[in-house]
Structure formats: structure tokens, C-alpha cells
Amino acid sequence: MNVEQFLYREARLLDEQRLEEWLELFTDDATYWVPLEHDQADPVETSSIIHDDRTLLELRVKQARHPRAHARMPLARTVHQVGNVMVLDSSSEILVSSTLVLVEFRSERQKIWGALVEHRLRREGGDLRIAHKRVDLVNSEGELDGIAILF
Amino acid sequence: MQVLDRERIAMLVQPDRVHRSVYADPQIFELEMERVFGRAWLALGHQSQVKAPGDYFTTRMGREPVIVINDGDEIKALVNRCAHRGSMVCAEGRGNAERFVCPYHGWSYDRTGALRALPFAAGYSKETLNTLELKKVPRVASYRGFLFASLSPTGESLEEFLGPAKASFDDFVDRAPGGELEVAGGVFKHAYNGNWKLMLENHLDGAHPAWVHASSVAVARNAPEPGKPGEEHYYDIAVRQMRQNGAPESVWENTGIWATPRGHGWMGDYHDDSRLVAGMGNPAFEEYRRKLIEKTSQTEADRILRVTLWNTIVYPNCSFMSQFRQLRIIHPLAVDRSVVYTYSFRMQQAPERLFRDTVAFSNVVNGTASWVLTDDLEVYERIQKGFASGAVEWAQIGRGFGRDVDEPGARRGATGTSEVYIRAQMQAWLHYMTQ
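Keeping their order, the protein sequence lines are chains A and B. For the first sequence, our numbering gives the first residue as 1, with consecutive numbering after it. For the second sequence, our numbering gives the first residue as 1, with consecutive numbering after it.
Please note that a few of the clues may not be correct.
[Stated by the list, open to error] Within a straight-line C-alpha distance of at most 20 Å, the following computed SDA-like cross-link-like pairs (lysine to any residue) qualify:
#  : chain 1 : residue 1 : chain 2 : residue 2
1  : B       : 385       : A       : 108
2  : A       : 62        : B       : 226
3  : A       : 111       : A       : 62
4  : B       : 228       : A       : 53
5  : A       : 62        : A       : 25
6  : B       : 189       : A       : 112
7  : B       : 385       : A       : 74
8  : A       : 62        : B       : 225
9  : B       : 189       : A       : 61
10 : B       : 385       : A       : 112
Keep in mind that the hints were calculated from the coordinates and are not lab data.
Construct the complete structure from the given sequences, taking the supplied hints into account.
Below, the structure written as C-alpha cells:
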């Protein structure tokens, strides 16, 4: 599968709320990072909107499926629009940058998100898997309503 | 709409119930901005945010945009509004400045708010120019490094206002070796479509976690066990807290809950440090304890670490966790819209691991995408929608009513889930609103 098709498939899994299948795209040592600050250098010295390892990401998905996950039952409807896909480096792992425009709808409110995204992809067998995903929201430092979706 | 005279306002709060309009009536909200947020001491932040002369940050006092600045002699709060045509002179944020220059016509103010230069000055008389400045917030004071200000020129001192709630700030500072604390690690800013009072009420509510946070409790119970020293997961501290939210009823009933006539309140007898950092026996914690002993004494360090405070509310705009080093300031925007700034603190002389725990706790429990916080926000919004309905007029604040115990300086709930803290917040609200 080529890189673009892979990113589109990842977006589709989120939009169809197939969260468990989405989780399977990540390697066991993967990190999923949504920084709090613009140009944030690391997730240790500064807080993050999301900073999950593979275990925490799995717990996040399980929480979303709990019958009393009030902010996530039902899950928001989303469209993840992936664009400007560029392969930056493919010498060992594949470093890809892309843009994300996301429309979210829940409880009679529609929100729009924009982000610069970076994936580090690894070939395992014949498949691509996500070793690292970083999502820099354009409004990460803004006054945001609670975030109960995945980017 | 009927005129909101003081007698009518007084009828909205009764000993064990409160009228929905206190949360939902825009006219009451306007009065609150004038009488509550215009009078009370409001938390602004911490002195570490303005260490050097010229250091400033912008914030709000209620809805008033202000600049908090170190002018070289003292810390001032200036209303962020040009005396000429009303533009904000400082873009929102923080930094270091010699002058604030209005973008509209170039009026220039120094760090004290004095007008120092303007183009076309000949158009004004000297007398007029002498009256023009960035308005100073009349009273600014600090308690152990925490900055407060009041928009009212008169009233009780900050220490009188805080009363026994000072002890929670003492705990915050005493826990830091050498008393050194700084704001660090970024600021979460989360908003919700609900009244500002809902957050302050929720933070002392020991009856809600088992329900609101049921999903994160269930998931945390199945999370990997916190790692042994050297094998910790970064999120252990948050998993411990989520599990604690699922404590049995007896734990919540035995938690201490106190409130003061000014509406401040705090929970105690809840956590000890074994539930916080990777545990009392952890090398990082032991290093921290040694540092604390070195800066105080064995006896004093033992005393400090035995304090088990949880959330403290300083009414009407602040909530903090002294043990976890998190402080939240709430800014009301409208009767049904609020924004909350969440700050983390670093103890400069403690092992780095303790700050990493604070960052992890902030991300997973208090962050904008946290599984814990987002369920609270969902509930605030549902309450606001419920209170918008006129079909039912009253809401209950009567759990434990009649059994509260008066202790020196504060009233204690007979059990940990007593709503004594909401009753105290409502009494404080009445005090401000009917003054």
C-alpha cells in the first residue's frame, strides 16, 4: 500500500468509528502526540493535549467504548480530510507530513479543526504501521472546548 | 423583566435549595460581574510569572482584560485599555516590555501605566493629559507568592479574605524545598458552555466521581499496575488518581470537607503521598524528602508530608491542588460560557521526576482532551441546559444540611459528601450580591 492510501485508510477508520482497527495500525512502541504549544520541543517538560504511548492509547479507546463515557457516548461524527501529503524521508522509516482538516459534529454543534501532521511509518511484513504520529493543531494554545475525538 | 432588587435576589438562595436563575439568568450574570467579580479578591497567578522588571502577562478579572506587570518596584495590575479610544494596548500573551504602545494612535505607557508620550499632544491641555493613564486595578496583594487583585478600592485585606484557606497555600509552598515554586509546563485553556459556578461546585463534590468518572475508573482498574521503581510508566500518577475516583462510598464519606463564610472550601484526609508519586518508597520521592529535611528539619518535613489536602476552592475564581501542584483560574465569559486556565508548578529544588509527574497528571486528568475532565465538561453543559428550563425552579443543595459542624474559622460537613461547600458558596454569593 502506498503512503497516501495508507493515510486515507487511517482517516477512514476514524470517520467510521472503527477505533479498535485504527489502534491496530500503531506499532507496540508507538507514540501519539498532540502538543499543547506551537513548536513544542518535547512532551516531558511541557504538557500535551494528548501524549499517549500504545498502552495509554488503547485505554483511551476502551474508555470511549464504556457505556458511561458521557462525553463520548455517542461519539462525535467526523470527517478527517487529509491533504498535502509529502514523503520527507524514506531511508529507514518513512517520514510523512500532511495537513488535516477535520469537521466534527455532536450535540447540535459543529466544530472545525486544522492541523499539521507528521507520521513516522514503519514497514512490518508487507504492511505499513505507525510508529509515531504528531498532530499540531493550529489552535492548540487557544481556549478550546473539551476534546473527545481522535485526530 | 422584573427589577432585581436586593430583596428579590435574597429569595433565590435558601438554606437547602437554590433557584435555577442564579445559574441561567443573564441579568443576574451582569450583576455578578459588578458585585462579585468587581469586589472580591481574584486570583491572578504567581510571582514566578513576573520575576524580572518588565515581565508581564495578560489575563482577565472577571471580564476585565488586565496586564499583570512587574514595574521594577512592585507588581501591578493595569486595565488593558488605552485611555484615548479604548483599544487594548497589549496583545494577549506574556513577555517583557519597557512600554505599551497603543496600536491605534501610538499612545505610549510605561510599566506603571503612566502616559509617557503621544503624537499630536498639542491638541490637549496639560491638565487633561495629567488625568490620562492605564487604569490601575486598585488593590494588588500576594500571599506566599500567589498574586491576587481586587477591582474594589476598599474592603477587607487579602489575608482576612483568605482566612483559614491560607493553610492550603501554605501546604502548596511548604511542600517545595526552600519554598521555591514556579509556573511551568504550559497552560491548558479549556472552555465550556456553562455557568462559572458549576466548576467551583464540582471540585469539592465527593459524590460525583463514581458516576461522572465511571468510564475512566473502569479503564484505570484494567490499566497496567504502576511500575516498580525504575520501571514506572509515565502515566502511573494519573492511573492512580482515576482508580482513586472509584473509591468506595465509605472513603468519600470519611473525607474531610470544610467551608468558610467567604465561600472558600477544601477537602482533606483524602490522599497521602503513597498515592501520588511512584510511592513513598520510590527513590525520587526519597530524594525529594531528603531535600525537604535539609531545607527544614526532620520534624517539619514529617509534618508537611502528613498534610493530606485535596482540592481547595478560593471563591469566586480559583481552584487548586496543593499536592499535585495544579492551579486553575476561571474566567466567566457569559452566563452560560466559561473558560478555565490550568497552570502547573515546578518545585525548583525537587527531583525532576516530581515535575514530570505533575505534567503527566495535568495531561491525563486535567488536560483539554483528558478522559476525566471531558466528562466533567459534558455534565456542566447538561446542567446548564437543564437550568435553562423554566419547568422546574429549584435545585437541591441540602445533602447533610442541619448536621454541619462549626469549627474555628470554618464549617465542616458531617460527612465527606455533605454539600456544606455549596451552601457556603451560596452564602458568599448572597453576601456580595446583596451588599
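Comparing the hints with the structure gives:
no. : hint           : verdict
1   : B/385 to A/108 : holds, 13 Å
2   : A/62 to B/226  : holds, 19 Å
3   : A/111 to A/62  : violated, 24 Å
4   : B/228 to A/53  : holds, 18 Å
5   : A/62 to A/25   : holds, 16 Å
6   : B/189 to A/112 : holds, 18 Å
7   : B/385 to A/74  : holds, 18 Å
8   : A/62 to B/225  : holds, 17 Å
9   : B/189 to A/61  : violated, 24 Å
10  : B/385 to A/112 : violated, 23 Å
Hints 3, 9, 10 from the list above are not met by this structure, while the remaining hints are.
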